[in-house]
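Participant: Below, each chain spelled out in residue letters.
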Amino acid sequence: MGLYESSRERRWAAVAMLFALAALPWLLQLLDQGFYISFASRLLIFALAATSLNLVIGFGGMVSFGHAAFFGAGAYCVAILAESGVVSAALAWPLAVGVSALLALLIGALSLRTRGVYFIMITLAFAQMVYYLVVSLKAWGGDDGLALARRSLLPGLDLSNDTSFFFVVLAILALVLIALDRLAHSRFGRVIQSIRENETRMEALGYPVFSYKLVCFVIGGGLAGLAGALLVNQTGLASPNLLHWLQSGTLMVMVVLGGVGSVYGGVVGALFLLLGEELLVEITPHWQIGLGLLLLAVVLWAPLGIAGLFGWGRRRE
Amino acid sequence: MTQLLIEQALNGLQFGLMLFLLAAGLTLVFGIMDMINLAHGSLYMAGAYFAAAATQASGSFLVGIAVAMLATALLGALVELVLLRRLYARSHLAQVLATFALILIFNEAVRVIWGAQPVLLNAPDEFSGPVNIGGFFYPSYRLLIIVVGALVAALLYVLVTRTRVGMWVRAGASNREMTEALGINVRLLFTAVFAFGAALCALAGALLGPLLAVEVGMGESILILAFVVIVIGGIGSMRGALVGSLLVGLVDTLGRAALPALLRSVLSADVASNLGPALASILIYVLMAAVLFWRPEGLFPARG
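So the protein lines, in turn, are chains A and B.
All letters in the first sequence, in the order written, are residues 154 to 470 by my numbering.
All letters in the second sequence, in the order written, are residues 2 to 305 by my numbering.
Where hints are given, some of them may not hold.
Just a few of them, taken from the derived set where beta-carbon distance is under 7 Å, the chain A residues facing chain B [to be verified]:
no., residue
1, V216
2, G238
3, A278
4, Q281
5, Y285
6, L286
7, L290
8, L310
9, G402
10, L433
11, I436
12, H439
13, Q441
14, I442
15, L444
16, L448
Incomplete in silico selection of chain B near chain A, CB under 8 Å [as the list claims (entries may be wrong)]:
no., residue
17, Y89
18, A90
19, H93
20, L94
21, L98
22, I106
23, E109
24, R112
25, I114
26, G116
27, P125
28, A290
29, L293
Just so you know, these hints were derived from the structure itself, not from any lab.
No residue lacks a Cβ here, since even glycine has one placed at the ideal position from N, Cα and C.
The shape of chain B in the complex, shown without the other chains:
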C-alpha cells in the first residue's frame, strides 16, 4: 500500500510538473495582457506533433524535442504578432471566441497534415525499462520527466525572480501601464514571453507524447487543467502556477488511486465502484471551486 502510494505520488509529481510547463506560459499571458488564450493547448499539440515528426526524421528524441521547441516558439510568435496583438484591448468574450476559432483551425490543420489517426512518438530506448529506486521499480522515462520538469521549473524560477528580464515580466504582470511608463517595451517583451511559453508547451507535449497519445484534441483536455491550475494559483503568479500544478497533479492522481479504495471501506462495494471514479474525476474542480470560494483571487494573487 505504501509502495503504491509512493508510486502514485511520483506519478502525480510528474504530471504536475508537466502541467506547470503549460501553466507557466499561460499564467504570464493571462497576467500581463489580461488575455484569455484558449489556443495554448493547441501549441502543446503542435509541439507534440513537431516532436514526433522531427524524431522520426532524425532518429533522435533529443533532436526531436529541440526542433519541436524551436518550431513551436516560432509558431507562437507568429500567432501573437498576426492575431493575438489585436485582441489585447478587446473584451474577454472576443478573446475567447477568437482563440476558440484558433483551436478549430489548428485541429483541422493537424488533421490535414498528419491525418486523423494518432501518430507514434516513442521514448528513447535507453529509457524504456524500469529503474530501481529505494526498493521498488519505477519507469525510468517517468523519472526522466520528473528530473527535466524539476530542472526547468527551477530555471524558470531563477529566470523570473532573479534576472532583469524576469523583473520586467513580473512588473508587467502586476501593473502593465506603470511598467510601460517606466520605459519597458511591454509589447516586445510580451511577444518574447509568448514564444517562450510556446516552447515550454512544446517541451511538455514532446515529453508527454510517449505516455499519452499524440492526437488531435490532446490540447483541449490538458488546457482546461492548466486553467484550473492558474486560477487556483492566482493569475499571473509564477509561484502560484508551480504550487497549483503540483497540487492539481497530486490531488488528481492520488484521488484516482485512493478514493475508490477509501470509499469501499465506508460504503458498499457496489456503490463505491460507481461513485469512486465519478468523485475522483471531479476532485480538482471541487478543489478549484473551494479555492475560489475562500480566496477569489487564487492562492498567490499577482496584482497588488
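Bound-form chain A, shown alone:
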C-alpha cells in the first residue's frame, strides 16, 4: 500500500501535458502574451523545487522544514560562480547541484539522528543558520542578494531568449520526473517507501535505514539546488528570500496542495499555488486570506491534495 501507483493512463496524461506545455510558447505568441513565457518558466522551476521536496517528504517520509536552504544554495552557487567568471551552464549548474547535495549530506547526516518533531525543528534551524550566514556576509550581497548579470551560457542555445530558456527548463523538469518515476519503482524506491511505512520493521529486516534515508535526503537537496540554479537564471537575482523559512513553508504548501507522495504532486501543487496567487491578486490585494482559507480547506477536507482528489496519489495519509 501507499506506493507510487503509475497507471498507463497517468503516463499518457503526463505525455499529453508535456506536449501542451511544449506548444505554450507558440500559443502565447499567437495571443500576443509573450510576457507570460517567463512566468511559465518560473512555474516549472517551482514545480521542480516542490517535486524535490516531495521526494523527501512524500517518498522518504522525512518532514523537512529546511528545504529552502538547498534551493537557495543552488541559486547563490550560480551567482557566485558567475561573479568569479564561471558562466558556463555545463559547469555552473552541475556544481550548484553538487554544492546543494553536499550541504544536504551535511545537514541530513546530523538531522537524521533525530525524528518526528525534532527532525522538523532541526532542519528548520539549519536552514535558518544558512539564511543568517548569507544575509550577514557582505561579500555575497547581504540583505540585497547577489545579482546575476546575464544568464548562464549553453553551447548552441541562447538562454537569454525566454522561449529557449523555457524549453530548457521544461526538458530538465521532464527528465527529472521520468527519472523519479523510474526511481519510485526501483529497488531503492521500494525500500525507501517501506521505511516510510514502517521504519522499525525495515531496520529489523537488516536494511541500513539511516543510509537509505540520507541518500533520499541528498537527492532531494541536489534537485532543489538544480531548481535554484534555474531560478537565479530566470529572475537574475539570488535573493536571501530564497533561503528564508517562509520559502521552505511555501514549498511544503505546494507539496501538500498537490499531493504528498504522488510523483506529479509537486508539479500540480506548484502550478496550482502560483496560478492561484496570480488570479487572486487580480481580485483583491488581500489575497493571502483567500490563500490561507484555501489551504485550510485542503488540509481539512482533501488531505491527499489535488492529486488525491483525482485518485493519482497515495491512497492514504
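Could you slot chain B onto chain A? The hints should help.
Facilitator: Chain B in isolation, oriented as in the chain A frame:
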C-alpha cells in the same frame, strides 16, 4: 568592559524572560497534544496590536496590557475550538500546513484592520528614563520587563509544579492517554492551557511592543526563536522552557555584543568585522544543533 557585559547580560535576561512567556505556552501545546503550532507567533502579534489599540483608546498602558491579554486569550480559545482541535490526530505535516495557513490569514487580517505600517506603542512615561543600578544607568523600562518576566515565570512555576491543575497539565504532557483514563478532561484542560498560553503571548507582545516594532510579521521571527528554546529545553517541559529561554536570550545577546570584539583580537579587523555578525547571528542555531546532537530529546525531556 565589565559594565558593558553586565548591561548586555541584563538585556539578554530581559529577552530570555520574554521568550519564556512565548515558549511556556508553546511547549505545553507541543507536549500535551503533540501539536506543532506555527500560529503561536501570530497570537503574539495579535497581542501587541490589541495592546497598542487599547492603550491608545484608554490612555493607560496597564489597561492596554489587560485588554490585550483578555482579547488574545479569547482569540486563542476560539482558534483552538474551531480549528486546532481537528488537527490533533493528524500528521505533523498537516499541522504545519494548517497553522502556516493561519499565519497568512492573521497577517493579512492585521493588514486589513491596522494597515501595513507599524503602529506606535509607547512605554508609559514613568518608565521612559534610565535608572541608576549599582553605579551605572540602565533603561527603567527594560528593568520593568525583567521584573514582570521574573514574577510571571515564578508564578507559572508554582502553578505548574505546586497546584492540582498544574499536576494535570504535567500529567497530560507526559502521557495523555493515561491522564484521560484517570478521568481528567484533557480536551477542556487543553483549551484552557491554550487560552492561557495566548494570554502570555499577548503579555510578551505588549511588553516588547515599545522596544521592537509592532508590525506585521513580528510574530514569525520570534516564533522560530521560541521553537529553538523548546527544542533545546525538551518539548513539554516547563523547566526546560525556562532554562532554554534564558540560555538563548543570553547567548544571543552576549554573542552579538562580544563575538566581534573577541574575533578582532584573533583575526584581522577586516575579516572579524565580516565574520563577527555572521557568527553571532547563527550562534543559537549552533547551540540548538549541538544540544540535539548530544541530547536528541532536549535538556529536560518531559516524556518518561
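Participant: All the hints need checking, so say for each whether the structure fits it.
Facilitator: Hints versus structure:
no.: 1; hint: V216; in the structure: holds, 5 Å
no.: 2; hint: G238; in the structure: violated, 22 Å
no.: 3; hint: A278; in the structure: holds, 5 Å
no.: 4; hint: Q281; in the structure: holds, 6 Å
no.: 5; hint: Y285; in the structure: holds, 4 Å
no.: 6; hint: L286; in the structure: holds, 5 Å
no.: 7; hint: L290; in the structure: holds, 6 Å
no.: 8; hint: L310; in the structure: violated, 38 Å
no.: 9; hint: G402; in the structure: holds, 5 Å
no.: 10; hint: L433; in the structure: violated, 11 Å
no.: 11; hint: I436; in the structure: violated, 13 Å
no.: 12; hint: H439; in the structure: holds, 5 Å
no.: 13; hint: Q441; in the structure: holds, 4 Å
no.: 14; hint: I442; in the structure: holds, 5 Å
no.: 15; hint: L444; in the structure: holds, 6 Å
no.: 16; hint: L448; in the structure: holds, 4 Å
no.: 17; hint: Y89; in the structure: violated, 13 Å
no.: 18; hint: A90; in the structure: violated, 11 Å
no.: 19; hint: H93; in the structure: holds, 6 Å
no.: 20; hint: L94; in the structure: holds, 5 Å
no.: 21; hint: L98; in the structure: holds, 5 Å
no.: 22; hint: I106; in the structure: holds, 4 Å
no.: 23; hint: E109; in the structure: holds, 4 Å
no.: 24; hint: R112; in the structure: holds, 7 Å
no.: 25; hint: I114; in the structure: violated, 11 Å
no.: 26; hint: G116; in the structure: violated, 12 Å
no.: 27; hint: P125; in the structure: violated, 34 Å
no.: 28; hint: A290; in the structure: holds, 6 Å
no.: 29; hint: L293; in the structure: holds, 5 Å
Consistency with the previously given hints fails for numbers 2, 8, 10, 11, 17, 18, 25, 26, 27, ordered from lowest to highest.
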